[in-house]
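Join these two chains into a complex; the hints should help.
Top to bottom, those sequences are chains H and V.
Just add 24 to the spot in the first sequence (first one is 1) and you have this note's numbering.
Just add 7 to the spot in the second sequence (first one is 1) and you have this note's numbering.
It should be emphasised that the hints constitute simulated quantities derived from the structure, not laboratory data.
Possibly wrong hints are sitting among the right ones.
[As the list claims (entries may be wrong)] To be clear about the criterion: a stretch of chain V counts as covered by chain H if any three or more of its residues have a C-beta under 8 Å from a C-beta of chain H, and this derived list gives those stretches:
#1 90-99
#2 152-160
[Said to hold, decoys possible] Selected chain V positions facing chain H (in silico; Cβ < 10 Å):
#3 163
#4 166
#5 253
Don't be surprised by glycine CBs; every beta carbon is placed ideally from N, CA and C.
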Amino acid sequence: MPFSHAGKAVFYMKKHGVDSLIQVEDLSKAFSRGSDTLQVLQQISLSAEPGELIAIIGPSGCGKSTFFNILAGLLSPDGGSISLNSKKVPHLRGRMAYMQQKDLLLPWRNTLDNAILGMEIQGEHKRMAREQARDLLKTFGLEGFGDSYPQELSGGMRQRVALMRTILCKKDILLLDEPFGALDAITRSIMQKWLLKVWGQFGPSILLVTHDVDEALILADRIYVMTSRPASIKGSLQVDLQRPRKITELDMVKCKEYLLGLLEDELTVPEP
Amino acid sequence: MKTRLVNTALPVALLAILGLSWEASVHFFEIPSYILPGPWEILKVMWQRMDLFAAHGVVTLIEIGLGFWLALVVGLTLAVLIHASRIIERSFLPLIISSQTIPVFAIAPLLILWFGYGIGSKVVMTAIIVFFPIVINTVEGLKAADPDTLALLQILEASPGQVFFKVRVPQSLPLVFSVIKIGVAVSVIGAVIGEWVGAKEGLGYLMIHANAQLQVELVFASIFWLSILGMGLYGLVVVVERLLIPWRHGGSNK
Numbered sequence: 025m026p027f028s029h030a031g032k033a034v035f036y037m038k039k040h041g042v043d044s045l046i047q048v049e050d051l052s053k054a055f056s057r058g059s060d061t062l063q064v065l066q067q068i069s070l071s072a073e074p075g076e077l078i079a080i081i082g083p084s085g086c087g088k089s090t091f092f093n094i095l096a097g098l099l100s101p102d103g104g105s106i107s108l109n110s111k112k113v114p115h116l117r118g119r120m121a122y123m124q125q126k127d128l129l130l131p132w133r134n135t136l137d138n139a140i141l142g143m144e145i146q147g148e149h150k151r152m153a154r155e156q157a158r159d160l161l162k163t164f165g166l167e168g169f170g171d172s173y174p175q176e177l178s179g180g181m182r183q184r185v186a187l188m189r190t191i192l193c194k195k196d197i198l199l200l201d202e203p204f205g206a207l208d209a210i211t212r213s214i215m216q217k218w219l220l221k222v223w224g225q226f227g228p229s230i231l232l233v234t235h236d237v238d239e240a241l242i243l244a245d246r247i248y249v250m251t252s253r254p255a256s257i258k259g260s261l262q263v264d265l266q267r268p269r270k271i272t273e274l275d276m277v278k279c280k281e282y283l284l285g286l287l288e289d290e291l292t293v294p295e296p
Numbered sequence: 008m009k010t011r012l013v014n015t016a017l018p019v020a021l022l023a024i025l026g027l028s029w030e031a032s033v034h035f036f037e038i039p040s041y042i043l044p045g046p047w048e049i050l051k052v053m054w055q056r057m058d059l060f061a062a063h064g065v066v067t068l069i070e071i072g073l074g075f076w077l078a079l080v081v082g083l084t085l086a087v088l089i090h091a092s093r094i095i096e097r098s099f100l101p102l103i104i105s106s107q108t109i110p111v112f113a114i115a116p117l118l119i120l121w122f123g124y125g126i127g128s129k130v131v132m133t134a135i136i137v138f139f140p141i142v143i144n145t146v147e148g149l150k151a152a153d154p155d156t157l158a159l160l161q162i163l164e165a166s167p168g169q170v171f172f173k174v175r176v177p178q179s180l181p182l183v184f185s186v187i188k189i190g191v192a193v194s195v196i197g198a199v200i201g202e203w204v205g206a207k208e209g210l211g212y213l214m215i216h217a218n219a220q221l222q223v224e225l226v227f228a229s230i231f232w233l234s235i236l237g238m239g240l241y242g243l244v245v246v247v248e249r250l251l252i253p254w255r256h257g258g259s260n261k
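So here's chain V without its partners, still in its complex pose (with noise of 0.2 Å):
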């Protein structure tokens, strides 16, 4: 309990710290706010402009959930058609990694001409990204088995899809979920370059039409948000894990 309180104030107090200094610099060098903002006013604007950055993160969270959706659900599924199957592996595992030379946002602007200025464009470049980590991620889970149990489980006679479902799934999810919580972190990216690129809404367009206003307090406002954004989205894995791991977090289910 102790610990845990200090691991709490310890970051806490930093940033309160970074925050403060960062105050003071600004007023100190007078630092013009369409420069550098300090903190205080940033956090006024991302108060006042409530109605705005609300209306814009709606878009960004829908492009994020959607694309992260899509990812997990066509990652998932060709990671065990992978794990399944040695032809399917040797034949799209190469690919897919490869694949990953191309630098996904150089792309980007061909995705905004197939798939035009809406949520689509941002949606398949979200999922383009998380998609590669949770397909080999998952296909090593599912791989990494252990021996003995799995020759128990030969001894107990047990076909190949009880081996599958009662122990390579579980004994995977620890990976797969840690594979999730980096993918969360960066399909905020994903979504927010797509924007840049061209879009109407959301907070990633929010940002580089008040950069080119030289209204810099709104810019990082949104950047402020964006954070609160992947933060309370990872504190959702982060919950999601708890409930389908138990096991390792001493909890029992019943």
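So that you can see chain H by itself, here it is in the shape it has in the complex (with noise of 0.2 Å):
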């Protein structure tokens, strides 16, 4: 049995076990267009404990997914400043790994050789790699489906797939930019139970971008409230109820309640 460890080399990453805390300090980001410049980023602070799940919510195009690009490299900010245990870092690559509304997945590839995508780049062993994500399938409902294509795949077992992807890459830090955003409401709220299944697993710190209130107050430890162009940071609210939460209950409606009033201004339809 050579890899009879294989499996167990994933489970590596405790809660609270590995250090990412992770601050984000005045960032601010502008584009231009010939003569107009259109300023995306405002002054964008926040900080995230190792192992914590942050939401940030925002109306739609406010420039959330242009915060993730600079996080992830993609982008490079025009001011402010992103730190890693209070060490200056110029982005988060290499230390985080990103997940997307789209699910990018290769249609060459089936389920397991999808899901060690960032393990193979990584340079590791790709039958080590499989017998990993092997172990795995059972955890993300894909039981049967290693060998199967992404277009016989459904919509929600594409997004697990996806989601299994990130946690393969063994980052302490994921990026989830309204990853189930293209799911139907009944889908959506069984993939965030799965979301902190793996989360509770695998503990990495999250940083999730969502513009649905309720999946914000359904998963996350604190949640920051983002407001329209120019994005900026309006204000943000600790979430200490227990989990699993049901958005029915009196707490969660009083913080939807000030949630809400916090968005209302950036929800105003703007007048003919």
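In structure tokens:
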């Protein structure tokens, strides 16, 4: 049994076990189009404790994805700083895994091979990576679908493969950019349970962008509210409620009222 | 399953109707066989002169095969180089595109002059015809990678080589195969034209020879065999495509 230990290697991320204190300070970004300048981010500041699940909510098109692209190192900011454990870093690439609304599964790879893409690129042995992924199929509700191609899977399953690929990158920070935004309401609520389960098991810090207030309340330890463009942080809310949470609980309703209050100015319909 | 049966049955039925009307017209209008033989007569010749067709068919098949491989190897290599280097792209691509204005068939006599009456000139002829679409479509296919997928690979800190082999190559395969399928059909034309212009053997040579002797049924039989050859090669490419691109057909590879 040459790879009998392989399955356990994934579980090295204990909750709160890895240092990943993230601090973002005064991050700004503007895009110029011709002579026009479009300010997208205006002095965004936030922080995430190791192992914390942070949700960022804000109106559509407010610049949340731009924010994540800066954290991921796909864009560089005009100003501000990102620190990891009090040390300034240009971006979080190499330390984080990124998951988007689009599953971005490669159509020529089956479930297992899609899931190990990150490990493969990091230079891990393909066979060992597959063994690890195979052990995780059950955790992600993909048992029996290891050899299926993405086009044979449902939307929820595809997104779980993407989540599995993200987890198997074995980073202690996950950036999730509206990961369940393209799914129907029922599938989405199931996926939220998956995410909590996986988070509990692997314990990474998670930054989750969503425009769904309920989703943020069900999942997050702390919620930041962004304004519409140019985006800045309008306020935040610590959610110290037991999981699993129900959106109908009195405390949850109170939290929701508070958040909607913060969002209200951002949600007004412009006068014609 | 039912639609598949219908899809096969329809063209077969149409072919049978066309064949029967052809046969009937030849008899009804009493067309002499040195002008237009009936399909039954052609089929008989195809079968009776099998040894003749086999001997010449093998030559044509070798010409097509070699020419096609030459075009594939050189074409794919050049496409990868064009993709990898802006300088190569800018210097080669305009020339390759403008070279297509030269009617290839017009240079067939020159090819005979340079490469002789043997299979060499036909191989080159076939290769030249197939080469262009392979280069253009492979370059196109390699470029066509999804930008979001490329961003994902960038975040995963993939090297340019990893991006190329893990995303660009598999992504381009469907396009490359669709052009290979067209190329197979065209390559038959290339070999036959080459044989027309000057050869000592091959199905194209046999056609010209039979035509001069008013053995029209032999001409038709050669055409039919050529078309069977082309279809066989096409089928071969489809099989290889299914093996290399299993995800397109919902199968699973182990």
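Restraint: residue 166/V near chain H, CB-CB cut 10 Å. Satisfied or not?
Constraint on residue 166/V satisfied, holds at 8 Å.
Three or more residues of the stretch 152-160 of chain V near chain H by CB distance under 8 Å?
holds (count 6)
Going by Cβ atoms only, is residue 253/V closer than 10 Å to chain H?
Given a least distance of 8 Å, the restraint on residue 253/V holds.
Per-residue hint verdict: residue 163/V, partner chain H, C-beta under 10 Å
holds (5 Å)
How about the stretch 90-99 of chain V: do at least three of its residues have a C-beta closer than 8 Å to a C-beta of chain H?
Contact hint for the stretch 90-99 of chain V vs chain H: violated, 0 residues under 8 Å.
Violation of the numbered hints given earlier is confined to hint 1; every other hint is satisfied by the structure.
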